[in-house]
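Colleague: What follows is each chain in one-letter form.
There are 2 protein chains.
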Amino acid sequence: MNEHAKTVTARSGGRAARRAARAAPLADHLRPVRAGLQGGTYNPLTEPQMHRIHQAALDVLEQIGLADAPESGIRHLTGAGAILGDDRRIRFPRALVEDTLARANRQITLFGRDPAHDMELSGTRVHYGTAGAAVHMVDVAGRRYRECTVQDLHDAARICDVLDNIHFVQRPMVCRDIPDNREMDLNTIYACASGTTKHIGVSFTEPAFVDDGLKMLHLIAGGEDKWRERPFVSNSNCFVVPPMKFATEACIVMEKLIEGGMPILLLSAGQAGATAPAPIAGAIVQAVAECLAGLVYVNAVKPNHPAIFGTWPFVSDLRTGAMSGGSGEQALLTAGCAQMHRYYGIPGGAAAGIADAKLPDMQAGWEQAISNVMAGLSGLNMIYEAAGMHASLLGFCHESLILGDDLIGQALRCVRGIEVDEDSLSVETIRATCLGGPGHFLGSDQTLARMQTDYIYPTLADRTSPKEWDEKGKPDLIERATARKEQILGERARARFDPETDAAIRRAFRIHLPG
Amino acid sequence: MNEHAKTVTARSGGRAARRAARAAPLADHLRPVRAGLQGGTYNPLTEPQMHRIHQAALDVLEQIGLADAPESGIRHLTGAGAILGDDRRIRFPRALVEDTLARANRQITLFGRDPAHDMELSGTRVHYGTAGAAVHMVDVAGRRYRECTVQDLHDAARICDVLDNIHFVQRPMVCRDIPDNREMDLNTIYACASGTTKHIGVSFTEPAFVDDGLKMLHLIAGGEDKWRERPFVSNSNCFVVPPMKFATEACIVMEKLIEGGMPILLLSAGQAGATAPAPIAGAIVQAVAECLAGLVYVNAVKPNHPAIFGTWPFVSDLRTGAMSGGSGEQALLTAGCAQMHRYYGIPGGAAAGIADAKLPDMQAGWEQAISNVMAGLSGLNMIYEAAGMHASLLGFCHESLILGDDLIGQALRCVRGIEVDEDSLSVETIRATCLGGPGHFLGSDQTLARMQTDYIYPTLADRTSPKEWDEKGKPDLIERATARKEQILGERARARFDPETDAAIRRAFRIHLPG
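Line by line, the protein sequences are chains A and B.
Heads up, the final residue of the first sequence is numbered 618 in this note's numbering, and it's a clean run with no missing numbers.
Heads up, the final residue of the second sequence is numbered 618 in this note's numbering, and it's a clean run with no missing numbers.
Hints may be right or wrong, so weigh each one.
No copy labels: a pair is met if it fits in one copy or bridges any two.
In silico BS3-like links for lysine-lysine, alpha-carbon gap of 30 Å or less [what the hints assert, rightly or not]: (1) K318 to K577; (2) K588 to K570; (3) K405 to K348; (4) K405 to K318; (5) K577 to K348; (6) K405 to K575; (7) K577 to K405; (8) K405 to K329; (9) K348 to K575; (10) K329 to K575; (11) K588 to K577; (12) K329 to K318; (13) K348 to K588; (14) K329 to K577; (15) K348 to K329; (16) K588 to K318; (17) K588 to K405; (18) K329 to K570.
Since the hints were derived computationally from the structure, they do not count as laboratory data.
Note that this is a predicted model, so its numbers are computed, not measured.
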């Protein structure tokens with residue numbers, strides 16, 4: 104009676120039938136979770152609150168404006184109607200911002216090299232992926248941090264390529280073994296694109312490297328026209344230095360990339376309490392204001408160019424001023440921003456899934472889960488940094504990335520939500536079960552039909568009983584993730600370039616990865 | 104430029120001021136999180152969907168009904184207007200259910216022995232606590248499961264007593280070292296109540312043990328009148344055996360406890376795919392139907408008696424039929440139920456925070472976090488099993504309980520949400536910072552004021568940089584939790600009974616814990 108949680112074991116007949124059912128692969132549209140599921144059931148802000156945030160952002164843009172625009176940016180922005188003040192700050196009349204919002208691209212496709220991985224960003228469609236600029240790799244066996252390399256980056260891309268719940272691969276780390284920044288930028292593209300056919304994100308260091316980067320992308324795509332038709336790389340553009348200053352060089356990078364046909368992630372990464380206001384609402388106001396300025400900028404350079412509204416405010420631990428990406432405050436910031444994207448109807452992205460924990464331990468699990476699930480439920484189109492990120496973005500971990508795929512699978516199941524229709528309400532099933540039926544649902548047709556379409560099963564997370572677990576030798580989660588990593592990296596890379604393309608790239612550029 | 108996540112280190116002046124500010128204790132109403140924060144920003148069901156679930160539950164009650172009511176229950180229920188069929192099932196006319204909903208107790212106070220821990224259950228006020236009937240303790244150092252004892256239970260209560268974010272202590276485990284069920288029930292009360300002054304939940308095994316239990320509670324309270332004035336123990340009453348059968352003995356326990364003045368948790372613990380329909384909506388329909396039957400029952404015995412609507416549907420891993428409390432489906436079930444509680448305006452509770460993981464590892468972190476944060480955001484009044492639960496409820500872990508307090512702290516921060524007002528919007532702060540100001544927010548008055556009221560700092564979760572972490576000897580999360588456990592248990596128990604009361608209890612009953 105007080106054992107309310109008894110484990111019900113399946114009758115062998117039902118189990119055999121279920122096992123057979125599970126052996127057959129599911130059609131893609133029947134999979135329990137997939138990229139682009141629609142969120143939006145979680146709304147931390149009310150309509151009037153969103154309106155106040157919008158009005159405050161307009162005030163900030165109109166009255167405070169942004170400093171440090173490059174000369175070319177000043178031309179573009181004042182040409183569109185922005186005002187250059189005596190203090191060299193650019194201020195944005197409300198009407199200019201509202202007009203831009205009305206005309207901006209509201210339905211962006213981020214292409215994969217393989218069209219199966221295309222992402223449609225609109226409404227509350229949710230996608231999870233990596234991102235960041237970690238400088239360390241987490242060595243879980245050695246419990247230590249070391250500098251990350253181009254091989255680590257390539258391996259991360261290869262791992263992502265086979266993980267169902269990682270939908271895109273923005274480069275999560277910088278190649279610390281390539282001291283020359285031009286070579287680093289070019290090898291970053293190569294390491295990512297040769298590792299995965301999913302959409303890729305990079306971040307050019309200097310305007311002077313853009314032409315070479317585009318040249319490499321044309322080679323990979325098989326021509327500039329093919330690249331422009333389906334640009335499979337976007338640029339993470341830190342176009343502002345919060346609070347309210349344009350990042351002069353990054354703006355020039357952005358202008359060149361717009362010209363080159365690359366989608367732009369307008370990334371505003373303030374840190375609440377340090378480079379953004381400490382209150383969550385204020386950090387959102389500033390991020391929104393900065394991204395609105397960026398949106399005006401992009402549309403002034405080229406109307407309708409695809410630009411993702413990248414409000415990425417982070418959180419400070421105010422005791423030390425250090426960043427804390429694993430906090431509840433971070434989850435709220437990201438979800439609040441996602442709601443503002445919906446308020447504007449503009450595709451947006453923000454950061455979630457960051458752990459402050461140094462290792463993939465219990466702390467990492469809860470930190471990554473809270474912000475990832477809230478970001479998904481809030482309907483964030485692009486959830487960046489969703490897996491593998493430790494030490495508040497300073498470290499990346501392959502094992503954690505693999506476990507993150509399981510974590511995000513569960514988050515996606517939550518995003519999918521609860522279907523309510525005649526069959527799922529189950530009145531007839533309950534009737535058939537209780538009135539003259541078997542008194543349980545184990546072997547019912549409904550249960551058999553739903554087990555694959557409604558339930559997601561983890562790959563590495565352990566659901567055995569204590570007894571089974573003991574009999575299996577008490578498998579360690581991290582050791583299993585390491586084994587999976589070695590298995591993936593031991594297989595032939597699926598995304599490699601064909602030999603001619605690879606040779607052409609290697610003739611044109613110094614590629615650090617061995618051929 | 105591509106280092107968007109630079110750690111901003113505080114200037115020493117600002118840091119010193121912040122440290123000084125943090126030294127002063129905060130008034131309780133200024134604490135960043137507390138019991139009873141209001142959720143409700145997450146709504147997995149639409150209004151029409153909730154209406155359909157309600158109508159389906161009414162259909163189930165009217166057409167299928169419940170079997171196995173005790174004779175006394177048949178008298179109570181038919182007296183209230185329910186119909187006993189030739190098949191001995193009790194069916195509930197729609198009007199009876201609607202009338203009960205209109206008249207039932209909508210504002211329940213669950214008392215603590217210390218009034219500071221009283222919980223007001225109404226609206227979307229959220230409380231987290233323990234619960235369950237684990238049979239194992241998780242020995243983290245030995246990586247093994249062992250049978251749990253009354254000492255383990257008492258220690259869990261003592262640990263909960265000092266954890267800010269554990270608001271109540273329903274007994275999470277059964278005392279496997281007390282073979283006699285009467286002695287077990289009585290020692291469960293003693294072990295919990297002598298360990299904490301927070302509200303306690305127990306679960307009587309047999310009707311024959313209730314009188315002794317109440318007698319002990321009268322002794323603890325200082326008299327029956329004092330007990331009835333502030334009953335600080337509620338009974339977790341598994342009054343149904345899903346699908347749609349009353350648990351005959353448990354119903355008699357319930358009747359006796361209503362008589363004795365004890366609040367009732369009407370607990371329906373079906374398992375989707377096994378003892379409840381596999382679709383999430385169907386499992387909710389059945390749980391709601393069963394709890395509505397329970398609510399009619401309680402109000403037939405004693406109108407307005409405090410009864411918590413305990414829709415606790417669990418999830419099966421349909422590959423094996425075994426329970427999976429750590430799944431995304433579980434989080435959705437619990438959140439959907441929370442919304443139905445709000446639909447009725449009846450205080451409710453459900454299960455969240457369950458890990459399938461055997462140890463407090465990364466899997467445990469994400470499993471506990473996803474359901475706990477979704478339960479809180481959905482405004483669930485009583486979040487049971489929120490901390491310490493492993494192996495799908497079979498194991499309890501003191502270290503995990505302690506870490507769960509940190510996890511729930513972050514979840515509560517998310518429940519609290521985003522305040523939007525003139526000051527938090529921060530337009531003036533941004534202006535002062537950007538126009539002739541320092542260009543950062545580290546030392547601003549607003550940052551100093553908000554750092555304690557708006558931000559919650561974890562107790563054990565590690566936010567150091569990789570360098571600091573290395574210098575500190577790479578502290579292990581679990582080892583730190585064990586150290587904290589030993590510290591708590593090494594201190595004098597705050598909740599112990601006064602010597603006379605203790606002696607009186609020990610004269611009247613065989614108490615297993617040493618005096």
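Colleague: Within a copy, between copies, both or neither: which one fits K588 and K570 at a CA-CA cutoff of 30 Å?
Modeller: both (27 Å within a copy, 26 Å between copies)
Colleague: When Cα atoms must be at most 30 Å apart, do K405 and K348 count as within-copy, between-copy, both, or neither?
Modeller: Within one copy only: 22 Å inside, 67 Å across.
Colleague: Between K405 and K329, at a C-alpha cutoff of 30 Å, which is it: within one copy, between copies, both, or neither?
Modeller: Result: close within a single copy only, 20 Å intra versus 76 Å inter.
Colleague: One pair to classify: K348 and K575, alpha carbons no more than 30 Å apart. Within, between, both, or neither?
Modeller: Neither, since 57 Å and 37 Å both go past 30 Å.
Colleague: Is it within a copy, between copies, both, or neither that the alpha carbon of K588 lies no farther than 30 Å from that of K577?
Modeller: both (20 Å within a copy, 24 Å between copies)
Colleague: Have a look at K577 and K405 and pick one of within, between, both or neither, based on CA distance no larger than 30 Å.
Modeller: Classified as neither; 58 Å inside a copy, 50 Å across copies.
Colleague: Can you tell me if K577 and K348 fall within 30 Å by alpha carbon in one copy, between copies, both or neither?
Modeller: neither (54 Å within a copy, 38 Å between copies)
Colleague: Pop the pair K348 and K588 into one bin, within, between, both or neither, using alpha-carbon distances up to 30 Å.
Modeller: neither (42 Å within a copy, 48 Å between copies)
Colleague: How would you classify K318 and K577 at a CA-CA limit of 30 Å: within, between, both, or neither?
Modeller: neither (51 Å within a copy, 45 Å between copies)
Colleague: Checking K329 and K575: alpha-carbon separation at most 30 Å within a copy, between copies, both or neither?
Modeller: Classified as neither: same-chain Cα gap 51 Å, cross-chain 53 Å, threshold 30 Å.
Colleague: For K329 vs K577, is the C-alpha pair at or below 30 Å within one copy, between two copies, both, or neither?
Modeller: neither (51 Å within a copy, 50 Å between copies)
Colleague: For K405 and K575, with the copy left unspecified, which applies at a CA distance of at most 30 Å: within, between, both, or neither?
Modeller: neither (60 Å within a copy, 52 Å between copies)
Checked against the numbered hints given earlier, the structure breaks hints 1, 5, 6, 7, 9, 10, 13, 14, 15, 16, 17 and 18 and satisfies all the rest.
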